[in-house]
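Colleague: Turn these sequences into a full structure, and let the hints guide you.
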Amino acid sequence: MARLIDAASIIRSKNAGPFTITIDILFREKECAVKAYSYLTPERIASLYKEDPSRIEVILYEPANAVKINIPRKVPAGHPGDTDVYGAQQHAPLLELEIPFGCK
Amino acid sequence: METRIYSPTAILGYGFPKESLERALQEEPDIIAVDAGSTDPGPYYLGEGIPFVTDSMLYRDLTLLIEASYKHKIPLAIGTSGGSGARSHVDKTLSIIKDILKEKSYRARIAVVYSDVDKKKLMKLLTERKHRPLGKNNPLGELTEDKIRESTRIVAQLGIEPIMKALDEEPDIIVAGRVVDVAVFAALSWIRNQHKGLAVHLGKVLECGAIAAEPGSGSDGMMGILRNNEFEVYSVNPSRRATVLSVAEHALYERTDPFREYVPGGYADLSQATYEDAGYGHVVVKGTGWVDLGERYVKLEGARLAGHRYVVVAGVRDPLFISRREELVDKAIEAVKERIHGEYNIYVHFYGANAVMGDREPNPVPGHELGIIIEVVSRDQELSKTIAGSVRSTLLHLGWPGRITTAGNLALPFSPSDLYAGKTYEWSIWHLIEERDPLEFSSLRVLEV
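Here the protein sequences come in this chain order: A and B. Take 1 as the starting number for the first sequence in the working numbering and just add one per residue. Take 1 as the starting number for the second sequence in the working numbering and just add one per residue.
Read the hints as simulated data drawn from the structure, not as lab findings. Among the clues, some could well be false.
[Claimed, not checked] Simulated DEER-style distance windows between Cβ atoms:
| no. | chain 1 | residue 1 | chain 2 | residue 2 | range |
| --- | --- | --- | --- | --- | --- |
| 1 | A | Gln-89 | B | Thr-54 | 18 to 28 Å |
| 2 | A | Glu-96 | B | Arg-149 | 45 to 55 Å |
| 3 | A | Val-34 | B | Arg-227 | 29 to 39 Å |
| 4 | B | Gln-272 | A | Asp-6 | 24 to 34 Å |
| 5 | B | Glu-19 | A | Glu-96 | 34 to 44 Å |
| 6 | B | Arg-227 | A | Asp-6 | 40 to 50 Å |
[What the hints assert, rightly or not] No farther apart than 30 Å at their CA atoms in a straight line, the calculated lysine-lysine pairs in the DSBU-like style are these:
| no. | chain 1 | residue 1 | chain 2 | residue 2 |
| --- | --- | --- | --- | --- |
| 7 | A | Lys-74 | B | Lys-130 |
| 8 | A | Lys-50 | B | Lys-136 |
| 9 | B | Lys-286 | A | Lys-30 |
| 10 | B | Lys-136 | A | Lys-74 |
| 11 | B | Lys-331 | A | Lys-74 |
[Unchecked claim] If you only want the chain B side, here are some residues facing chain A, beta carbon under 8 Å, derived:
| no. | residue |
| --- | --- |
| 12 | Pro-43 |
| 13 | Leu-252 |
| 14 | Pro-258 |
| 15 | Tyr-275 |
| 16 | Ala-355 |
| 17 | Val-356 |
Note that CB positions come from ideal geometry on N, CA and C, so glycine has one too.
Modeller: Structure follows, in structure tokens:
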């Protein structure tokens, strides 16, 4: 099976406000973003991130061939005990995710 | 009718090529607008009242922008001055501007927009107005008198109207406190009764400078032109281009919802927006809508002191210790807690194992080396220092079954080994409150310098 890192052109994470990490996955083609959107269910993301599925949001954004994933933070950005103030390195569990479709 | 807006950089103080500004001036912008703020670096900067860029970087960027503004008679508008937009941030920016004007013997009319919220006034508003935590993952709970009292600084994130009011004064320079990211970019277009949604959408593209170009950069500019039913964006730097994807993609950036850009009173609806390649690295956007919400809410931001932080950085090379790291560190912390009582928090980060992702790390397997950062936070600086030193020395000499490194468990890279990392803050307020008048939370001061 292919991995998400092979299918996507960009996989990035960043704060969207201090309480949420937003992950953008961009593909070269719209078709692929649509396939990824239906595969990357909140349940699947929740198990990768050890989170409750009801707290995961997945959005298809066709203008940029993108899937957006919103995940709650464990510790607000910049509070004592935080480990990633900008939330810029929380994308890694997605890289090796095996996907049942190929992309250009 | 068209409004021509130049955004020189993503954040004032991040720098930009001088050549880009010179090229932009040939495009005859009606306004040079720049965002100086972000909450991304954390609550520390609002709490402590200082910018997250250095004075010398602010001075460098402002010198070039003021020179351009003065020579070409183009107003310069700065949003969320000093990073967080509280009075101390605004006044710091203003004092640098005054120094530059004096040095160059320029005269300028400056409109200053403050956005600080008085604690007593806010406590009174608590019972009169609707308010709620902003964001569905917001853990702060309801806005209370305690939260207001504990905050060292509180600002209101103003909408577009206070900047419109400042522009009415025909200033050469606007120095604004905390405002929505798009405020300084959209205000002139709103005065001219252009499409509100397109103006806000254009503001969202421009506020990060050339981040919306290809290749992207937070240290270069972007030009935008708002017309009747569309806007056009492009880079003035020939080594960058706006592309359909780079501009469309930008709506995703640092936002949970790529289809809506909120300002007090309404939002730009991007769901029907279309992006067209206009050639030569120009992109034209149409179809953005505007939704008027009928009621106005403004976001309040407040930070409170969490304490004084000491940090211990240590390395471990012994494989036996690495394999038992959590148990051994817990043991050292327990021993310290038994000896020293008081209110303090200890956070342990295992670099090489799971320091970046914590419990969410799918592969917490360390390599041959392990980095340990021990973070101690308490309201008492001396207590933080004592705890950090005690955890460090206890862990260094901790005995455990099977230990062969009986002279010491840690490789400490620094002497002194316990580093004071300053004060640390938390968000105390991240709430929406009902606003009855668009200028209610702002105050305007005009000065001739």
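Colleague: List, from low to high, the hint numbers that the structure doesn't satisfy.
Modeller: Of the numbered hints given earlier, the structure breaks none, since each of them holds.
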